[in-house]
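If you follow the hints, you should be able to join the two separate chains into one complex; please do so.
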Amino acid sequence: MNTSADQNTKCEVSFTVNGEKKSVLAHPMERLLDVLRHELELTGTKEGCGEGECGSCSVLLDGMLVNSCLVPVAQVSGTTIITIEGMSSHFLMKPLQEAFLECGGAQCGICTPGMILAAVHLLEKTPNPALADIREGLSGNLCRCTGYMQIFEAVSKAAPRRAAK
Amino acid sequence: MRADPSDYKLVSPGTLKGVLSLLSSEPSQWLPIAGGTDVMVLYSAGKLPNRNLINIWNVPELRQIEVLPDSIRIGAACTYTALREHELVSKEFSLLATAASWTGGIANQNRGTLGGNIANASPAADSLPALLVYDAELTLVSVRGERQVPYQNFHTGYKKTVMTSDELIRDISLPRRFSGYFSHARKVGARNAQAISKVCLAALGQCAHGIIRDVRLALGSVAPVPLRLNETERVLTGQKIEASLIDAARKCVVKEIRPIDDIRSTARYRAAVAGNLVAEFLDKLAAAGGRA
Chain A
1494 MNTSADQNTK CEVSFTVNGE KKSVLAHPME RLLDVLRHEL ELTGTKEGCG EGECGSCSVL
1554 LDGMLVNSCL VPVAQVSGTT IITIEGMSSH FLMKPLQEAF LECGGAQCGI CTPGMILAAV
1614 HLLEKTPNPA LADIREGLSG NLCRCTGYMQ IFEAVSKAAP RRAAK
Chain B
81 MRADPSDYKL VSPGTLKGVL SLLSSEPSQW LPIAGGTDVM VLYSAGKLPN RNLINIWNVP
141 ELRQIEVLPD SIRIGAACTY TALREHELVS KEFSLLATAA SWTGGIANQN RGTLGGNIAN
201 ASPAADSLPA LLVYDAELTL VSVRGERQVP YQNFHTGYKK TVMTSDELIR DISLPRRFSG
261 YFSHARKVGA RNAQAISKVC LAALGQCAHG IIRDVRLALG SVAPVPLRLN ETERVLTGQK
321 IEASLIDAAR KCVVKEIRPI DDIRSTARYR AAVAGNLVAE FLDKLAAAGG RA
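Those protein sequences? They're chains A and B, same order as listed.
To convert, count from 1 in the first sequence and add 1493; that's the working numbering.
To convert, count from 1 in the second sequence and add 80; that's the working numbering.
Next comes chain B alone, as it looks inside the complex (with noise of 0.2 Å):
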């Protein structure tokens, strides 16, 4: 049934701290909404759990991107289309900016957010791998402070993570060191646009004389949450590629995925996809000598 307007509230504080102390109030009862590209989605089909809803869209220190000399700090209600359009982060996290273009179409890029795909905490988000393999780190905040949590121990299950009801996600710090590593990230899905992906990759990797120096992988879609996939990484690491690495690699990933049969594709389709995804990857980097 479609939701009824006169059902909902929605407030707009305007400040950081307006939010946080509005979130603070009522614990569990307010649910924030950016660009509400998921939020008005569960809306409309009269599935949203919550009445009452806070608007972060116009909120300045939510849509900030800060350089820093060793990090780049993206404001959590930044758009695809800011992150697609920032310089720096086309050129030194390509990774995210290309997750960016697949996001949805134009108008949705125009209006998702970083914070909110984040947030959503949905394992087939395009965005969420590349986060992974940059080591992003996320600052929480709410009345009581702030704090610093890395990405990768922020999903703690399907759909669930470290966040309390009273806290908001402020920005996502990425560390510079990544920019000399060869990136690779490729999205299977029905199409690039709008479809959400069936498997997504993105890929670090540096190599010397054909050996492997250091490798950074993570899937979407394969798993309850956005995965990191550290023991591929470890069978990988300091080896020389060739034939049976790659064949050793495509194992790994295939135990260490979760996928499940859904409306997009099954658990076989995308085990094997992983694998190839991987494996296509590694055929790039020892092409490209593990240059950027």
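In isolation and in its complexed conformation, chain A is listed as follows (with noise of 0.2 Å):
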């Protein structure tokens, strides 16, 4: 990016966004948050707290769980991105997404797409996840419906049927 850029200047920021390439006129310091739902359309990404509390707005930013919230644009210059939408795809969704809808781990919708992401991230770290990992991976992730117990299964549930496919 150019050091002389004057204030109120946006710059094109290009990055890679489930598997497709991107490129955004932005403000440096518009949210990732913000320019995956308003630009990008990609919706799926909710917004929760936006303070990096709750999770909510979870991406993989090069492989790595980050609040989307938390990450001004210009940082994802060259950057690889998956969000939600970009899952469908994913080896671990299809056992992810039969373990939530068996044991309840969805109601209101709002946490979901953040809690998939986040037990993705954990899966590809931890593939068999005792209960604690689990309470750990998931733990920057609020969920004000489930109690979190039917979450914590249905991972529980998914990580071995993955091992099988």
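Some hints could be false.
What the hints assert, rightly or not - Simulated restraints, written as ranges between beta carbons of each label pair:
hint	chain 1	residue 1	chain 2	residue 2	range
1	B	304	A	1505	37 to 47 Å
2	B	144	A	1600	36 to 46 Å
3	A	1584	B	165	22 to 32 Å
4	A	1536	B	86	18 to 28 Å
5	A	1505	B	148	47 to 57 Å
6	A	1536	B	367	47 to 57 Å
7	B	86	A	1600	35 to 45 Å
Said to hold, decoys possible - Here are some of the chain B residues that sit facing chain A, going by a computed Cβ distance under 10 Å:
hint	residue
8	82
9	85
10	87
11	121
12	125
13	244
14	245
Keep in mind the hints are simulated off the structure, nothing from the lab.
We treat Cβ as the ideally placed atom computed from N, Cα and C, and that holds for glycine.
See below:
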């Protein structure tokens, strides 16, 4: 980026989202969350608290789980992002989706995209997680409906099914 | 009121040299941003006083962890995740790895940095008591050169530090001489993840035949700065761990700290818990016979 850019100047930021190359014209401090939702119309990523406490806006940034409300868009230049929309072809998606349905892991749905991405991030690092691992892996994602137990159960059910496939 | 992004600049020099030259060009005008877990929260709430930000997330020099024969040098923009996943940090500096695991949730650990935690200078930060007991030394850099500052001299008051506006923390160096110590870390908060501590403790101790040879204690959230308990350490050193000593330590801790009432807890509760945490550590130290 040009360091002499004037204030109020938008800049072009290019990155890959869900396998597609994208280029947006944005103010560098715009939140990745807003660019995803408003510019790219990827509204599966939800805004909950807007201050990094609730995990509703979780996305994978170069494979790392992040809160997209805390990422200025200028920092994603050249990166690869996966949002919930990009999960449909992921090998963990089917087992997670089935287990969430069976266990009642989703109710109002606001936390669900973030929960799924946090679960994917966990299972990629820890294929056979203990309950303590699941609790820790999802500890940054708040849910006001389920009381969490159904979600923990869903993730622990999904783990071995993934191994079986 | 929510911030309007068009009011803010964010530039990415991409090199340490570029960052430092920008910091010195307009003193006090530029705020470094790494993972944004503190800065973006203030920004979004419209409470960030700075309008000009420098991206230091993509500066490679700040992301390295270097293992030397006598020390480990941690780049200031290393994340909590990088600390947790580093084998030597987990083995020889377990208090730091444990504190990293308490900080935020996984997403915030993937973005939050040790240097950011230090520069933000919150007395409630979970990782800072560990740096005190491990005798951390900071390297501050600017276009004028570099200087080493013992971490215990870094904070001068609530959110005040010795850093000048053109300086940046480049790395945090920890001497590798505590692996033989018994170590104990404990956080008391509403929950471990996300919630900020009411009180947290980092402690190291060595004893032989029940006598404390060396002890190092630091607490978070009990004073305007992360606090090393020098007086309590003096009371304990050379003494046999028994009920009367634990009682004396508890009393000394309460005299040494300066807790306040705030949204997370009360001064009275913090004083009681601070004493209890030190007492718990001494019990465990005695039970372990001072072995790591």
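Quick rundown of the hints versus the structure:
Hint check: residue 304 of chain B to residue 1505 of chain A, Cβ distance near 44 Å, so the stated range 37 to 47 Å holds. Between residue 144 of chain B and residue 1600 of chain A the Cβ separation comes to about 44 Å, which falls inside the hinted range of 36 to 46 Å. A hinted range of 22 to 32 Å holds for the C-beta pair residue 1584 of chain A and residue 165 of chain B, which are about 23 Å apart. Range check, residue 1536 of chain A to residue 86 of chain B: about 23 Å between beta-carbon atoms, so the 18 to 28 Å window is met.
In this structure the hint that residue 1505 of chain A and residue 148 of chain B lie 47 to 57 Å apart at CB is violated, the actual value being about 42 Å. Checking the proposed 47 to 57 Å range against residue 1536 of chain A and residue 367 of chain B shows it holds: the Cβ atoms sit about 55 Å from each other. Restraint check, residue 86 of chain B to residue 1600 of chain A: a C-beta distance of roughly 38 Å satisfies the suggested window 35 to 45 Å. Hint on residue 82 of chain B holds. Least Cβ distance to chain A is approximately 8 Å, under the 10 Å limit.
The closest approach between the C-beta of residue 85 of chain B and any C-beta of chain A is roughly 4 Å, which is under the 10 Å cut-off, so the hint is satisfied. Hint status for residue 87 of chain B: holds, given a least beta-carbon distance of 7 Å to chain A, under 10 Å. Taken as an interface hint, residue 121 of chain B checks out: its beta carbon lies about 5 Å from the nearest beta carbon of chain A, inside 10 Å. Evaluation of the residue 125 of chain B hint against chain A yields a held restraint, the C-beta minimum of about 7 Å falling below 10 Å.
Using the Cβ-Cβ criterion of 10 Å, the hint placing residue 244 of chain B at the interface with chain A is not satisfied: the shortest such distance is roughly 22 Å. The beta carbon of residue 245 of chain B is not positioned within 10 Å of any beta carbon in chain A (closest approach about 18 Å), and the interface hint is therefore violated.
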